[in-house]
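These are the residues of each chain, in order.
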Amino acid sequence: MSGFILEVKNLIKYFPITKGIISKPVGAVKAVDDISFSINKGETLGLVGESGCGKSTTGRCILRLLEPTSGQILFNGQDIAKLDSLKMRLLRKDIQIIFQDPYASLNPRLTVGDMIAEPLRNFGIGTRKTQEKRVQELLEIVGLSPYHTSRYPHEFSGGQRQRIGIARALSVNPKLIVCDEPVSALDVSIQAQVINLLKDLQKEFSLTLLFIAHDLSVVKHISNRVAVMYLGRIVELADYKNLYREPMHPYSQALFSAIPIPNPRLKKNRILLEGDVPSPINPPSGCNFHTRCPQAIEICRHQKPVLKEHKTKHLVSCHNLNFQQRRCTGTD
Amino acid sequence: MVNYILKRLLMLIPVLIGVSLLAFSIIHMIPGDPARIILGERANEASILALQEKLGLNEPLYIQFLNFLKNILSGDLGTSIITNEKVTYELLISFAATLELTIVAMIIAVVVGIAAGTIAAVKQYSIFDNLSMVGALVGVSMPIFWLGLLMIWAFAYKLGWFPPSGRLDVAINVPRITHLLLFDSLLAGNLNAFKNILWHLFMPSFALATIPMAIIARMTRSSMLEVMRQDYIRTARAKGLPENIVVFKHAIKNAFLPVITVIGLQFGILLGGAVMTETVFSYPGLGRRLYLAIMARDYPVVQGGILLISFCFVLVNLLVDLTYNYIDPRIKLE
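As they're listed, the protein sequences go chains S and U. Just so it is clear: in the first sequence, position 234 is 234 by this note's numbering, and no numbers are missing. All you need for this note's numbering is the position in the second sequence, starting with 1, plus 332.
Hint data in this document are derived by calculation from the structure and do not stem from the laboratory. A virtual CB, placed ideally from N, CA and C, is assigned to each residue, including glycine. Wrong hints could be hidden among the right ones.
Stated by the list, open to error - Restricting the straight-line Cα-Cα distance to at most 27 Å, the calculated cross-link-like pairs of lysine-lysine (DSSO-like) are:
#1 133/S to 175/S
#2 82/S to 455/U
#3 581/U to 129/S
#4 585/U to 93/S
#5 267/S to 199/S
#6 9/S to 267/S
#7 87/S to 402/U
Claimed, not checked - Chain S regions said to be covered by chain U (calculated; three or more residues, Cβ under 8 Å):
#8 97–103
#9 116–128
#10 283–293
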């Protein structure tokens, strides 16, 4: 138990849909629908899934940038979902976030130096001199030059901006960093640089990362364990090796079969799912994947499957795992 | 930067030539002959002709225009046909009065407008938001002469809190150096006069401030709402900054650009003289002076006044552009 830095229990986030001038609630987008997971100290948990499955919402709920509808978020044993705003503010020193869009997430009116030093000033860490030194140090750590402090964000490229974002997140020596698709806005060569930078930093400062992404190969590269999300729920959570080698949930199988392999001669067995992702406003009953699942059985329609350990440390949420995997073989 | 300012100032020349041509042709298109107005209905033809000749009104229009331009270039806007005073002097005196009124009005408008807009945006859909936005709508829609009359009725006639007209009590004397009376009274060390002038300024400046205040409040609100949704505001919150720093340091500065534009435009418009306000409150400003000049076909005063107004407008806009450069590091003037 004590090994966990973060435990999320039954986290739910619904966005109400309102109508008319009196804002009558007419429904809710079930962005995150009862998920639980935990992160060990020093590890990287990858969180993957397609667009709109609730990855980013999960990340933002953990930082209370969005108020969770219900559930517990235990950070070092303390439930941060219930903290008042002042205590939460103080806790932000320990939990930081790197945002997806390096263009929009930096205030265009602040110089890089001010931006990175602001959390330090805010929490009263060090004197003006040491703060300045720290900023220059951080810039060097993320591969920028100390003389960049007086520049504004628009003078940098996307990759450099993301490095600024990382430096900012690192400035207060956080224990946990939520990386909300930190590389999806960057081009591939820069992605690798930033990912490797994150990996190095993690080793150097023994950081714990929650790495949210939709790019499976990126996640594989950086994560120790990976959780797969579908329509607001976690369908599978396992060690990255096991998951990538042998995904068990039918959705994960389809997802991982879609990873392109850079070898034209290799015939791939792609599992093509039928239909579209159902609307999170009105998700299917029972297992919310049953409408597209090739191995759905009767019980899937009525009963929500629970995330259970099927092999050692390999959690899957499926009723019909014993089903002999029926993969289409080499016809396409 | 200096180059930019010089370039912009040079651009004033064609603008002013265009404006003076326009001012000249419009005023001459209005029917009515100043010579006839000056001499009255029962003047005989001979004296009218003589006066026309004296005022140069018998020359062909283009000659009159060229004379006008020539005089401008030598810094002379001519003499008022009606009062026989130097136009430059007359205009500057009334302009000083307008400037004083405008500055006070704009201070009220900017302070109240930005505060109301910001609070309304931060507490969107709250009672304050709804009330202040309804208030802003009323402020924009209320005709100033009506509001002015109401204020005079309520605060001057019924309650007697403020004087209904003028710039200061007749009994008080202030040496007029700059003709900005607030400034002059301070120069003279006459605090009593200063208070009296402020007291006189209160109603007209408040009436004048209503429209800019409302526009600034609405602009600030919508601009703030947009900025508060930006990703970097989320970043600021994630840093663990207290909400007031998020609003005042990160949001307001970014929301300021369109607000500055509106403030500049409103300031420029008000500098042109608030005809309504000045007339209702009998305030001897540029707007009222021009109105009187137009009614009297006082060509030189009207032309000079229009030139002065457009000059101010261009200058204020230049100032706004320079402010952009200061406020937003992404904007580079060249």
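Handout entry: Per-stretch coverage check for the region 116–128 of chain S, three Cβ contacts closer than 8 Å to chain U
Key = Answer holds; 4 residues pass the 8 Å Cβ test.
Exercise for the section: Verify the proposed pairing of residue 87/S with residue 402/U, using a straight-line Cα cut of 27 Å. Expected result: violated (73 Å)
Problem - Restraint check for residue 9/S with residue 267/S, where alpha carbons must lie at most 27 Å apart - result: Measuring from Cα to Cα gives roughly 41 Å; hence the hint is violated.
Practice task
Below or equal to 27 Å on CA atoms is what counts here, so check residue 585/U against residue 93/S.
Solution key: holds (25 Å)
Problem - Restraint check for residue 82/S with residue 455/U, where alpha carbons must lie at most 27 Å apart - result: holds (23 Å)
Exercise for the section: Would you mind confirming whether the straight-line C-alpha gap from residue 267/S to residue 199/S stays at or under 27 Å? Expected result: violated (32 Å)
Practice task
Would you check the hint for residue 581/U and residue 129/S, treating anything up to 27 Å between C-alpha atoms as holding?
Solution key: With a Cα-Cα distance of about 22 Å, the restraint between residue 581/U and residue 129/S holds, given a limit of 27 Å.
Practice task
Between the region 283–293 of chain S and chain U, see if three or more residues pass the 8 Å beta-carbon test, and mark the coverage as holds or violated.
Solution key: Our answer is that it is violated, as 0 residues pass the Cβ test (under 8 Å) against chain U, missing three.
Practice task
Can you take a look at whether the region 97–103 of chain S is actually covered by chain U? Rule is 3+ residues, C-beta closer than 8 Å.
Solution key: holds (count 3)
Exercise for the section: Mind checking the alpha carbons of residue 133/S and residue 175/S for me, to see if they're no more than 27 Å apart? Expected result: Roughly 21 Å separates the two Cα atoms, so the pair holds.
When each numbered hint is compared with the structure, violations occur for hints 5, 6, 7 and 10.
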